[in-house]
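Q: Given the coordinates of chain A, assemble chain B with the ligands onto it according to the supplied hints.
2 protein chains.
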Amino acid sequence: MKYLIVGGVAGGATTAARLRRIDEQAEIIMFERGEYISYANCGLPYYIGGTISERENLFVQTPESFGKRFNMEVRTQHEVVAIDRAAKAVKVKKVATGEEYTETYDKLVLSPGAEPVKPPLPGINSEGIYTLRNVPDTDVIKAYIEEHDVQHATVVGAGFIGLEMAENLHDLGVRVTIVEMAEQVMTPLDYSMATLVHQHLKTQNVEFYLNTAVSSFSKKDGERLNVHLNTTRTIETDLVILSIGVRPESKLAKEAGLEIGDTHGIVVNEYLQTSDPDIYALGDAIEYENPIIGKKMITYLAGPANKQGRIVANNLVRGNEHVYKGAINTAIAKVFKLTVASTGVSGKLLGEHNIPHIDSITHSSSHAGYYPGAEPMSIKISFDPKDGRLLGAQIVGYKGVDKRIDLFAEAVRNRYTVYDLTEIEHAYAPPYSSAKDPVNIAGFVAENILNGTTRTIWWRDLVAGKADDYFVVDVRTKDEAELGGIEGSLNIPLDDIRERLTEIPRDKKVVLYCGVGLRAHVGCRILMQHGYEQVYNLSGGLKTYEHAIQ
Amino acid sequence: MKYLIVGGVAGGATTAARLRRIDEQAEIIMFERGEYISYANCGLPYYIGGTISERENLFVQTPESFGKRFNMEVRTQHEVVAIDRAAKAVKVKKVATGEEYTETYDKLVLSPGAEPVKPPLPGINSEGIYTLRNVPDTDVIKAYIEEHDVQHATVVGAGFIGLEMAENLHDLGVRVTIVEMAEQVMTPLDYSMATLVHQHLKTQNVEFYLNTAVSSFSKKDGERLNVHLNTTRTIETDLVILSIGVRPESKLAKEAGLEIGDTHGIVVNEYLQTSDPDIYALGDAIEYENPIIGKKMITYLAGPANKQGRIVANNLVRGNEHVYKGAINTAIAKVFKLTVASTGVSGKLLGEHNIPHIDSITHSSSHAGYYPGAEPMSIKISFDPKDGRLLGAQIVGYKGVDKRIDLFAEAVRNRYTVYDLTEIEHAYAPPYSSAKDPVNIAGFVAENILNGTTRTIWWRDLVAGKADDYFVVDVRTKDEAELGGIEGSLNIPLDDIRERLTEIPRDKKVVLYCGVGLRAHVGCRILMQHGYEQVYNLSGGLKTYEHAIQ
Ligand SMILES: Cc1cc2nc3c(=O)[nH]c(=O)nc-3n(C[C@H](O)[C@H](O)[C@H](O)COP(=O)(O)OP(=O)(O)OC[C@H]3O[C@@H](n4cnc5c(N)ncnc54)[C@H](O)[C@@H]3O)c2cc1C
Ligand SMILES: Cc1cc2nc3c(=O)[nH]c(=O)nc-3n(C[C@H](O)[C@H](O)[C@H](O)COP(=O)(O)OP(=O)(O)OC[C@H]3O[C@@H](n4cnc5c(N)ncnc54)[C@H](O)[C@@H]3O)c2cc1C
Ligand SMILES: CC(C)(COP(=O)(O)OP(=O)(O)OC[C@H]1O[C@@H](n2cnc3c(N)ncnc32)[C@H](O)[C@@H]1OP(=O)(O)O)[C@@H](O)C(=O)NCCC(=O)NCCS
Ligand SMILES: CC(C)(COP(=O)(O)OP(=O)(O)OC[C@H]1O[C@@H](n2cnc3c(N)ncnc32)[C@H](O)[C@@H]1OP(=O)(O)O)[C@@H](O)C(=O)NCCC(=O)NCCS
Chain A
3 MKYLIVGGVA
13 GGATTAARLR
23 RIDEQAEIIM
33 FERGEYISYA
43 NCGLPYYIGG
53 TISERENLFV
63 QTPESFGKRF
73 NMEVRTQHEV
83 VAIDRAAKAV
93 KVKKVATGEE
103 YTETYDKLVL
113 SPGAEPVKPP
123 LPGINSEGIY
133 TLRNVPDTDV
143 IKAYIEEHDV
153 QHATVVGAGF
163 IGLEMAENLH
173 DLGVRVTIVE
183 MAEQVMTPLD
193 YSMATLVHQH
203 LKTQNVEFYL
213 NTAVSSFSKK
223 DGERLNVHLN
233 TTRTIETDLV
243 ILSIGVRPES
253 KLAKEAGLEI
263 GDTHGIVVNE
273 YLQTSDPDIY
283 ALGDAIEYEN
293 PIIGKKMITY
303 LAGPANKQGR
313 IVANNLVRGN
323 EHVYKGAINT
333 AIAKVFKLTV
343 ASTGVSGKLL
353 GEHNIPHIDS
363 ITHSSSHAGY
373 YPGAEPMSIK
383 ISFDPKDGRL
393 LGAQIVGYKG
403 VDKRIDLFAE
413 AVRNRYTVYD
423 LTEIEHAYAP
433 PYSSAKDPVN
443 IAGFVAENIL
453 NGTTRTIWWR
463 DLVAGKADDY
473 FVVDVRTKDE
483 AELGGIEGSL
493 NIPLDDIRER
503 LTEIPRDKKV
513 VLYCGVGLRA
523 HVGCRILMQH
533 GYEQVYNLSG
543 GLKTYEHAIQ
Chain B
3 MKYLIVGGVA
13 GGATTAARLR
23 RIDEQAEIIM
33 FERGEYISYA
43 NCGLPYYIGG
53 TISERENLFV
63 QTPESFGKRF
73 NMEVRTQHEV
83 VAIDRAAKAV
93 KVKKVATGEE
103 YTETYDKLVL
113 SPGAEPVKPP
123 LPGINSEGIY
133 TLRNVPDTDV
143 IKAYIEEHDV
153 QHATVVGAGF
163 IGLEMAENLH
173 DLGVRVTIVE
183 MAEQVMTPLD
193 YSMATLVHQH
203 LKTQNVEFYL
213 NTAVSSFSKK
223 DGERLNVHLN
233 TTRTIETDLV
243 ILSIGVRPES
253 KLAKEAGLEI
263 GDTHGIVVNE
273 YLQTSDPDIY
283 ALGDAIEYEN
293 PIIGKKMITY
303 LAGPANKQGR
313 IVANNLVRGN
323 EHVYKGAINT
333 AIAKVFKLTV
343 ASTGVSGKLL
353 GEHNIPHIDS
363 ITHSSSHAGY
373 YPGAEPMSIK
383 ISFDPKDGRL
393 LGAQIVGYKG
403 VDKRIDLFAE
413 AVRNRYTVYD
423 LTEIEHAYAP
433 PYSSAKDPVN
443 IAGFVAENIL
453 NGTTRTIWWR
463 DLVAGKADDY
473 FVVDVRTKDE
483 AELGGIEGSL
493 NIPLDDIRER
503 LTEIPRDKKV
513 VLYCGVGLRA
523 HVGCRILMQH
533 GYEQVYNLSG
543 GLKTYEHAIQ
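Protein sequence lines correspond, in order, to chains A and B.
This note's numbering puts the last residue of the first sequence at 552; the count rises by one with no breaks.
This note's numbering puts the last residue of the second sequence at 552; the count rises by one with no breaks.
So here's chain A without its partners, still in its complex pose:
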């Protein structure tokens, strides 16, 4: 059996290694257009920023070591430029010489990845404007910073990679401005969660413009780069990182007549087989049905690419035995001191797909408050109003965000309901958690909403004049209330509420709020059982409200 693999990094190298482990006799050739294989794409921003100090740490394997260990040919700087499916052969171009040759295959694997989007804006090819995908890109950016007096950088696009780059440039002492077309950073988050990130960026002295697009770039010899915004503002800068998104490298597949989807990703079946049964594809270049919304999507993540690699190898050698179940886009990023993570589908995206859902926000601590070093985290979950099935979760916080997002991811993947969240049995000792873990609390609160034990409203319901529809009660202590709260609200501390019921009208919608929602929950239950018929808890309390409206 002769296997050819296109792409030598996350998907390609993993497929190749597993292939060899389960088929010692096969002939395997791995083609990589670039000079390097098996490198840590995800580490590139940190190498630029100096957190990863040794360049060689970026390489898990070299072409030589990999070829030797797995007894295969690794042809770097060989680009596969065409596939002749009828002849079962590929045309390969040697990058250095331009020389071309063909190589036949029994089975072909495509893991060509994705390329950064570079819009055709005037001036986009000026010196000092870069995208970041691979090691050469990294080397160029790092050299540019070392060789020029980079005082200020502009990051265009505030996705995960853009923010990682902002942080790493900041770490180098460079002032950073972020320009983002959307009303928020990090589009997998809902607005109310993204505002926590906005707040943090401010504390880090990172300038950012939302709802703002770049219209052109210009640079005169010897002068600084100008980034012209659609707001008429111009930013003078020394370096631009373009991180406005990526798109699948599906051109080769398309030209070979393989089926390509609306997303421009390569279409594969549940065995990761393309429309040609002798060709498998994986990684950033394929589209796959999202298990929650049922729509084909592309997952630009290394974890899924690695897992798919193993599945492709299994299916190639053992016959199509291993079904790929799809990814739910579980992602995480360090954004300066924050950790930001999401899994499943955001409220926003559910809305766009007209999928009914209820959202709920809770704020918890990374571990028991009485043990030193606990840090706050905010959790938003979205669930199905019929059966409580969890559809997505987002967390912004510090320590311990990573572990809760992994639990939520399992919950989403396994079609847990919010009732199931209440039963998650976490490991508890004071340095690690609380007797009720934040995921349990998120479950309790959602369960209460779902079975009518409580009703919630959303910060949006209270803004822009709508507040008049509600009688708003602040159930925090007098001292807390004096430091400020929602305008026009009446302060009745929770512990006094039973004695002060007469101050709360029975013919109006009553909203209770406290810092995060816990005391208001207790208050809501008291009012509801004293005959109040329209009582609401403000989801996420004052904390969410204040971040969202600023």
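A portion of the hints provided could be inaccurate.
Which copy? The list can't say, so a pair holds if one copy fits it or any two copies do.
Stated by the list, open to error - Keeping only pairs whose Cα atoms sit at most 20 Å apart, straight-line, the calculated SDA-like set for lysine to any residue is:
no.: 1; residue 1: Lys-510; residue 2: Ile-488
no.: 2; residue 1: Lys-70; residue 2: Asp-498
no.: 3; residue 1: Lys-401; residue 2: Ser-367
no.: 4; residue 1: Lys-90; residue 2: Glu-117
no.: 5; residue 1: Lys-510; residue 2: Glu-489
no.: 6; residue 1: Lys-221; residue 2: Arg-500
Simulated from the structure, these hints should not be mistaken for lab results.
A: Chain B with the ligands in isolation, oriented as in the chain A frame:
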């Protein structure tokens, strides 16, 4: 409706709070024998050690604040001494005066907890010998340390609490000796994992005696305490912490004629209702069927007690609607710089119950090795040889142990197989994980064992003369091998193995090992596919072997 609750801490206070939230009209009285309610039992060792500096931080609620917020009577220093089930009344003794009175109930809840075992050893009541359960115990120990010149302490029993106390006393500058009857610390761990803890204790200069029991204590006035061991050794010490276990406080229930199990725990049904339908019980005092081995066990953990509290309240108010599914004993402890965690059932306990299982050890990093600060973790899982169902997991490491144990706990609870572990979709960015998470790796390795892709042997198979049955090959590099390995093994670096097959006999059982098992896996696959019929990977590699045999 009139509810009486016995016990005002984890189970009792949680039940009471939820009861009030869902039944504003009920009469609720909570009895607590001690002076305090709602305190952080789990924080007590850390308050003694000074990590928690403020005593008031131990209290989540005071009797006054709790009573006011939840509009109930909190009677501290009132001990319930008898239950008259026919009359539906309890007899209560005021601790301060000895005065007794009765109080009737519609429904009674028992959450009396567990008491430390204090064996009737000679001298056990000498001054300076303490157990730790509650705030007064804590105050006594702390005062003793402040008022005496405690240079050395002896911790008897090396369970989670014993080791936490060892750490905290050590933090105070006290030299600590641990005495443990078993061959290892922390019995929920298997021996091979406990040895990692032993190793760590040595690096922390904590002395410990295994396989050793205390036979008596003695103390002459003005002299130090003597702890006499069954090995004829005597330890001179200034303070003894007895932490050899706890037992359920089921005396009250037993005397009332409620059904008590073989474990001495109170018997409850799936609604947490005792053999008397008007009496519910929860927490450390009940026994419940372990979902994995089907045997009744007691779970001495705060997370389950808290969750049960909410279930009991739901069932009391809403009728028996909420089924308790049992706990799988997911636990974690900080042991000096280590984090030690377990969930489900250990290999040892599975063995004792004659439950067939396969064990597998893997060693991973807390996050991508190329990003600074990655720390090692060792994982042991046990699974069913028939269908691969995960039965238990243990982890010893540093950062990131807590999040992996939570994932394994979900896997055990939800009857995942090891195949399912390979599909867990974790959040990956370099500071948090690797593209293949340690739980995925544990799954890959187990899957390979289960479906015959590889065979493993255990460190025990290689010790005590048995090594002669095997031809042992060290596949690490020459440099690594020169630093020492398994005696009598032949070094053939993995990358040379294909060329040196002739050196490996075909008529013997061949064992391959490397540092942790990864390279040996690749090597095993090469040999197996070159016609070798009996090839084994040493589970956990040299790392597990070396720790286990020392
Ligand atoms: C800066 C950066 C940070 C990231 N951070 C994270 C993160 O924190 N977490 C996360 O999960 N993911 C992260 N990712 C995404 C992750 O790296 C990708 O999802 C993953 O690498 C995809 O694997 P792949 O095999 O599909 O593509 P790649 O790993 O990109 O490999 C594709 C390879 O194919 C080669 N190739 C393409 N066409 C041809 C051809 N015709 N002939 C020969 N070779 C060809 C390319 O040169 C490339 O080397 C990050 C990506 C980048 C760029
Ligand atoms: C030092 C220590 C550290 C711990 N660390 C952890 C940890 O890290 N993680 C973890 O999960 N668990 C830990 N635990 C265990 C956890 O605290 C218990 O599992 C949990 O508190 C059990 O709840 P409970 O309601 O059953 O009992 P408790 O919380 O102990 O409450 C029982 C209460 O009932 C009272 N009572 C008993 N009988 C009567 C009566 N007849 N009348 C009136 N009152 C009565 C007692 O005085 C006691 O206050 C620790 C325990 C201790 C002691
Ligand atoms: C590393 C790389 C070359 C592929 O290697 P790989 O051999 O599949 O992956 P690993 O080194 O993690 O090894 C995993 C294998 O070792 C086995 N293994 C791991 N630890 C083991 C242990 N302790 N004992 C036995 N086997 C073990 C696993 O079972 C698995 O083998 P299998 O697939 O046959 O079941 C490829 O993943 C790569 O190039 N990665 C870097 C690029 C990348 O992923 N970039 C994006 C992220 S930054
Ligand atoms: C704290 C204690 C008194 C019980 O209190 P509790 O009110 O049940 O628990 P919490 O304070 O965590 O609050 C949980 C409740 O608030 C709700 N809640 C929490 N955060 C919320 C938010 N942001 N919005 C709305 N509701 C919220 C939850 O839904 C839950 O209410 P429910 O049970 O009606 O669904 C009791 O657990 C206790 O005494 N604990 C200390 C003792 C102990 O556990 N020791 C062992 C561990 S060290």
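Q: Please go over all the hints and tell whether each is borne out by the structure.
A: Status of the hints after comparison with the structure:
{"no.": "1", "hint": "Lys-510 <-> Ile-488", "in the structure": "within (18 Å within a copy, 79 Å between copies)"}
{"no.": "2", "hint": "Lys-70 <-> Asp-498", "in the structure": "between (75 Å within a copy, 9 Å between copies)"}
{"no.": "3", "hint": "Lys-401 <-> Ser-367", "in the structure": "both (9 Å within a copy, 18 Å between copies)"}
{"no.": "4", "hint": "Lys-90 <-> Glu-117", "in the structure": "neither (26 Å within a copy, 74 Å between copies)"}
{"no.": "5", "hint": "Lys-510 <-> Glu-489", "in the structure": "within (18 Å within a copy, 82 Å between copies)"}
{"no.": "6", "hint": "Lys-221 <-> Arg-500", "in the structure": "neither (68 Å within a copy, 58 Å between copies)"}
Of the numbered hints listed earlier, those contradicted by the structure are 4 and 6.
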